[in-house]
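Given the sequences, and given the hints that come with them, work out the whole structure.
There are 4 protein chains.
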Amino acid sequence: MQPRIEAGVLGATGMVGQHFIRFLANHPWFQVTWVGASDRSAGKKYSEATAWRLGGTMPAAVADLTVEECKPGKGAPKLVFSATDASVATEIEQSFAKAGHTVVSNSRNHRMEADVPLLVPEVNPEHLGVLPLQKQNRGWSGQIVTNPNCSTIVLAMALAPLKPFGIERTLVTTMQAISGAGYPGVASMDINANVIPFIGSEEEKMESETQKILGAFDGAAFNAHPMAVSAQCNRVPVVDGHLVAVSVQLAAKAGEAELIGAMNAFRGAPQERGLPSAPAQPVIYMSDRDRPQPRRDVERENGMVVFTGRMRKCPVFDFKFLALGHNTVRGAAGAAVLNAELMHSEGIL
Amino acid sequence: MQPRIEAGVLGATGMVGQHFIRFLANHPWFQVTWVGASDRSAGKKYSEATAWRLGGTMPAAVADLTVEECKPGKGAPKLVFSATDASVATEIEQSFAKAGHTVVSNSRNHRMEADVPLLVPEVNPEHLGVLPLQKQNRGWSGQIVTNPNCSTIVLAMALAPLKPFGIERTLVTTMQAISGAGYPGVASMDINANVIPFIGSEEEKMESETQKILGAFDGAAFNAHPMAVSAQCNRVPVVDGHLVAVSVQLAAKAGEAELIGAMNAFRGAPQERGLPSAPAQPVIYMSDRDRPQPRRDVERENGMVVFTGRMRKCPVFDFKFLALGHNTVRGAAGAAVLNAELMHSEGIL
Amino acid sequence: MQPRIEAGVLGATGMVGQHFIRFLANHPWFQVTWVGASDRSAGKKYSEATAWRLGGTMPAAVADLTVEECKPGKGAPKLVFSATDASVATEIEQSFAKAGHTVVSNSRNHRMEADVPLLVPEVNPEHLGVLPLQKQNRGWSGQIVTNPNCSTIVLAMALAPLKPFGIERTLVTTMQAISGAGYPGVASMDINANVIPFIGSEEEKMESETQKILGAFDGAAFNAHPMAVSAQCNRVPVVDGHLVAVSVQLAAKAGEAELIGAMNAFRGAPQERGLPSAPAQPVIYMSDRDRPQPRRDVERENGMVVFTGRMRKCPVFDFKFLALGHNTVRGAAGAAVLNAELMHSEGIL
Amino acid sequence: MQPRIEAGVLGATGMVGQHFIRFLANHPWFQVTWVGASDRSAGKKYSEATAWRLGGTMPAAVADLTVEECKPGKGAPKLVFSATDASVATEIEQSFAKAGHTVVSNSRNHRMEADVPLLVPEVNPEHLGVLPLQKQNRGWSGQIVTNPNCSTIVLAMALAPLKPFGIERTLVTTMQAISGAGYPGVASMDINANVIPFIGSEEEKMESETQKILGAFDGAAFNAHPMAVSAQCNRVPVVDGHLVAVSVQLAAKAGEAELIGAMNAFRGAPQERGLPSAPAQPVIYMSDRDRPQPRRDVERENGMVVFTGRMRKCPVFDFKFLALGHNTVRGAAGAAVLNAELMHSEGIL
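Just so you know, the protein sequences line up as chains A, B, C and D, in that order.
So the first sequence is numbered by my numbering: it starts at 1 and just counts up by one.
So the second sequence is numbered by my numbering: it starts at 1 and just counts up by one.
So the third sequence is numbered by my numbering: it starts at 1 and just counts up by one.
So the fourth sequence is numbered by my numbering: it starts at 1 and just counts up by one.
Just so you know, these hints were derived from the structure itself, not from any lab.
Possibly wrong hints are sitting among the right ones.
In this list, chains with the same sequence are indistinguishable; a pair is considered to hold if it fits within one copy or across any two.
As the list claims (entries may be wrong) - Taking lysine to any residue and the SDA-like style, the derived pairs with C-alpha atoms no more than 20 Å apart in a straight line are:
1. LYS78 - GLU346
2. LYS313 - SER201
3. LYS253 - ASP318
4. LYS71 - GLY274
5. LYS45 - ASP288
6. LYS313 - GLU168
7. LYS45 - GLN2
8. LYS313 - SER208
9. LYS313 - GLY200
10. LYS313 - GLN211
11. LYS98 - GLU69
12. LYS313 - GLU207
13. LYS78 - ILE284
14. LYS74 - MET286
15. LYS45 - SER287
16. LYS313 - GLU204
17. LYS78 - GLU68
18. LYS71 - SER141
19. LYS135 - PRO77
Computed from a prediction, not measured in an experiment: that's the story for all the values here.
Written out as structure tokens, the structure reads:
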């Protein structure tokens, strides 16, 4: 067995950081050997600095690592995953990229920049082509790659198989899990037996990020997909899993069976290359009339699959259907790790 | 004080029947003097035949009534409210109408028939004009009037103020409370910390009923409103209150402020005539960025108001917004009672 | 109609403060004319300084009051209700008492002090007898009176009717609502579809406060009731209402019927004097086999009653039963207001 | 690899039956080759007869089995697991035992009979010694073995390590998951944001079963453990996992550390013999101040461990603590399978 590639986690003590630690616990290629967090935590053992919020227990191999400040030159390996909070991510991530690190980020800060890939390995691996331009623009020896917002990726992966049919317009309403808000996140007094029909900036992110992800990279710039996207985002009292009700207008005539077939047949670079975190089938259509459901389906396939269902004619557009994805796995840590795997498979890590 | 009008409740022991009993408990015009249910309950006292599922305790005035079979000729008063199950409502309601009763029904069975009003007093009081035709067609001395499905009425009341702007298309996604499914209704194993993205026949009902309600009665027939309607219906773990995310395409140019103004200014016959169950303002726009919310808003104004919020531009259509209504009050018992009040105010009870 | 007594609320912008504002909204004796909060809020209108978290809307009469700092000499009326946080309550409450105010407090800080009444008007009105001693000890022209912790009061009121039977030991397990933790309080990630079997200091409070409340005041000192009390406190995903499972060992032989009878017959000074917030019957035994239940029963009787149920033999002690109370009403704002009413009825406000 | 032992499941299409099917899916010793259910299902494929309610999908190896009637002589293998409903279990299980089958039952019907083991392999493996007597008494060539009720087993396993300290009395309050009630089980209208403080016969079962399990088999009869047990049972809105708050009075003087040590050191026959479903450590004490918690801990260790926590002095008895177990695994299917493994290890299957 080959030695594993050393990896660091920026923002390792927070909720998203913990998801990275857990997701990477037994990874065949990457090994977490460095953890960074705020000044407050620096110098402590990871196990002392971290209130572990996830199910199960903290992976033993990480518990004894000493937490470092999130600054380059503290011994961080070349590959760092970023789970830093948006309030500090811009500066931290740029300082690491400048210092030669490959920053694989889950933060929103750089997603929409013109020379940063907003990467979904099954959907737009060619967007990595912007990286040389990024380094040149910024004068960096390192680089930054991002993954989408946790609700965006569910929509983007469900729509990707339909691109050949010419997506013209899509209207979506989300029902999003509380884990998407981090910790402490949503107050129980707000969400218990309730729906909160507002998530700050979420609708804007879904609308713009989806267009970038499904758009083309022409060798010099990203061209947003021309489809119109409108999102209404809601928080529901569900632990994990963002459920999205989608209506689409397509350019081509197609029947339910063709669209379902396209979803089930959809494959991308991660599947072709057998990347370790890649699901065998990235989009799975469920034929039961009342699925997918967050609590019953979200943990299947290691949380890396987007489940779809209820494809049917829409009296206003062409079709309506459901999509479900695991917001803290496929929508966060798992997405970033798969991005790193793709980059490794291309030799650009 | 005038003597109150005697009223019966068909299906009085079930969940919807209990909502009628509670809503009518201190009604100034109507007094429940007769309760009908299945053979199994007939002959028992209402308090013995009924497992009271609602908050508080059973109204004392009804507890001692003897339950009768749901058949005409058992002493039922002229006015009967129908909370009968769809599996038996067609036959029961027709037999009462034939026998001269005015049946004010919450059941779905007759809603879409060509000579039956699907009535929302603020929206389409003129639909009552079909009743002479109904009696003639059916050879009935009585009559049947219906109210919409519990999710339809939320949408219909929210859209009614926008009719002057020319509604062309509307796409909605609902997040519906468990109380909409009756008792025992949704199994907790299904809905606890989950979303069930399927409610049998609900989408079809919302699509067709909304067109009928907002359509015109030309003196001879109902003409469905020509707008296209598409609904995606979901069950969420909320006790009471259906929340609907709406996108609309309008014929006229308008700004958010005009639409909000139209909602707040909307009034109808119940307000003009001061009907006892009529809210002062049937549609209330909430300006907070995260309202309306089911748990916090549904009980306000006796559950008879539809609350709207978050009016904003839609990148695909013209506008998107939220609407919330109390499914067991404005969407069931309260709707039917307001229908009866409207009929009484027109002297056709 | 007599002019109402002016009242202030210390900590008026927080969650408990809001409960005071709402509970006092239409009070016949007291009128909120002054609101105090932290420096951060001082100088703003109450409506601007307060994120209203309760159902319904902020009472109009209070919305325009200017928030003052929580210091004496800022125009506060003689009577002030204290909803201040425990971290600052000691200093604030003492400074007001020193300055001549009557502080009717919901904070825990002074509850267990030897010269401060921990008052439940139905249970220990004679504890007010310590106030002259308090003034003398402290050199205050004002005074401080407290009400119990929100879980304690449920237990204390349920046990009070059993005192004549000689309570020797009581073992209780609580299932407490999230509203007991204030706002933002419990993170939804912690409590959604979960139980948190720990509430900081709650068990100690229930154990010691119950003994003080049920104990005697001998004219000079409080003598704790000699019964042993053990509590296990749990947070459950319920909005309002603390449910307590109680087992008791009694000195006297008694049957279920006697204990139930004693509960239903229990009355105290508030009932005798007809205090405005007093429930007609402070403890109501429910005979249904599965009641009381928090969601179905907690709002009845304006939240001022403790409901009991399921009295049955205990194979270890003598009897076991359930008790339920509204933690933010009878366990907080309503408790304090009833305390003030009792004091007014004794002319010592 | 040795051929696996064929096993049947009685009541295979119900919720408990599904748990058996899932738990046995990849079992190293047993293979489900036969499924029995009601007349209504008999003759259909298992996949057609069964509405799969569990997470994930139905195990493929079972999907194509033909459902048989629950009668001996229909080709059932010698070993049958019984997930039959209590209303029919007595007759079905006895008919199989009479016909020579070993019935490993999760049903309550035979648990308290004088010649039937109520088995917890770590706690009372010697209770199997009654089986020859059972066969003789009943004239059966087969036999019946049972596992405890899903809340009993949590208590029994948590108390077993304390037996050496002399348990004299125990008072418990449960907070039980909705999955314990089967399907559809508890109506969501009852339990959503609520507690139901009543579970039919549950308290009686916990009290009597615990005494039998911890009692001795003297070669001829079971002698119930003399400790007094009192239970208060509540349903809470949690998906899986019964949490029990326990207070115990012990004969011996002991400190927290000794009791915790005894829990962590507790081992039994399943561990000594390395039974396939045996957890390495059957009782795990968690030292965090707010654990165990149902949602966060119940799935750990394949659901076969009882987690304890919060050991502390009890002002009324000696100690109080918490215990948590997976009601559908350790409290049902997993318990029965471990029973069968124990019997196989003794050569009496």
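These are the hints, each one checked on the structure:
1. In this assembly of identical chains, LYS78 and GLU346 lie within 20 Å of each other by CA distance solely inside one copy; the values are 16 Å within and 57 Å between copies.
2. Proximity of LYS313 to SER201 under the C-alpha cut-off of 20 Å is restricted to the inter-copy arrangement: shortest distance 15 Å between copies versus 30 Å within a copy.
3. Taking the shortest Cα distances, LYS253 and ASP318 sit within 20 Å of each other inside one copy (9 Å), while across copies they are farther apart (25 Å).
4. Taking the shortest Cα distances, LYS71 and GLY274 never come within 20 Å of each other, neither inside one copy (34 Å) nor across copies (49 Å).
5. Within a single copy, LYS45 and ASP288 get their C-alpha atoms only as close as 48 Å, which misses the 20 Å cut-off; across copies the closest is 18 Å, which meets it.
6. Taking CA atoms no more than 20 Å apart as the test, LYS313 paired with GLU168 passes in both settings, with 16 Å inside one copy and 18 Å between copies.
7. Taking the shortest Cα distances, LYS45 and GLN2 never come within 20 Å of each other, neither inside one copy (28 Å) nor across copies (48 Å).
8. Taking CA atoms no more than 20 Å apart as the test, LYS313 paired with SER208 passes between copies only; the shortest distance there is 15 Å, against 26 Å inside one copy.
9. Taking the closest pair of Cα atoms, LYS313 and GLY200 come within 20 Å of each other only across two copies (16 Å); inside a single copy the shortest separation is 31 Å, beyond that limit.
10. In the homo-oligomer, the alpha carbons of LYS313 and GLN211 lie at most 20 Å apart only across protomers (18 Å), although the nearest pairing inside one protomer, at 24 Å, exceeds that limit.
11. Taking identical chains as interchangeable, the C-alpha atoms of LYS98 and GLU69 lie at most 20 Å apart only when both belong to the same chain, with a minimum of 17 Å there against 49 Å between chains.
12. Taking the closest pair of Cα atoms, LYS313 and GLU207 come within 20 Å of each other only across two copies (13 Å); inside a single copy the shortest separation is 23 Å, beyond that limit.
13. In this assembly of identical chains, the alpha carbons of LYS78 and ILE284 never lie at most 20 Å apart, being 35 Å within a copy and 40 Å across copies at closest.
14. Taking identical chains as interchangeable, the C-alpha atoms of LYS74 and MET286 are never at most 20 Å apart, the minima being 48 Å within one chain and 35 Å between chains.
15. In this assembly of identical chains, the alpha carbons of LYS45 and SER287 lie at most 20 Å apart only when taken from different copies (19 Å versus 48 Å within one copy).
16. Proximity of LYS313 to GLU204 under the C-alpha cut-off of 20 Å is restricted to the inter-copy arrangement: shortest distance 12 Å between copies versus 27 Å within a copy.
17. Only within a single protomer do LYS78 and GLU68 lie at most 20 Å apart by alpha-carbon distance; the minimum there is 15 Å, versus 55 Å between protomers.
18. In this assembly of identical chains, LYS71 and SER141 lie within 20 Å of each other by CA distance solely inside one copy; the values are 16 Å within and 59 Å between copies.
19. In the homo-oligomer, the alpha carbons of LYS135 and PRO77 lie at most 20 Å apart inside one protomer (19 Å), although the nearest pairing across protomers, at 67 Å, exceeds that limit.
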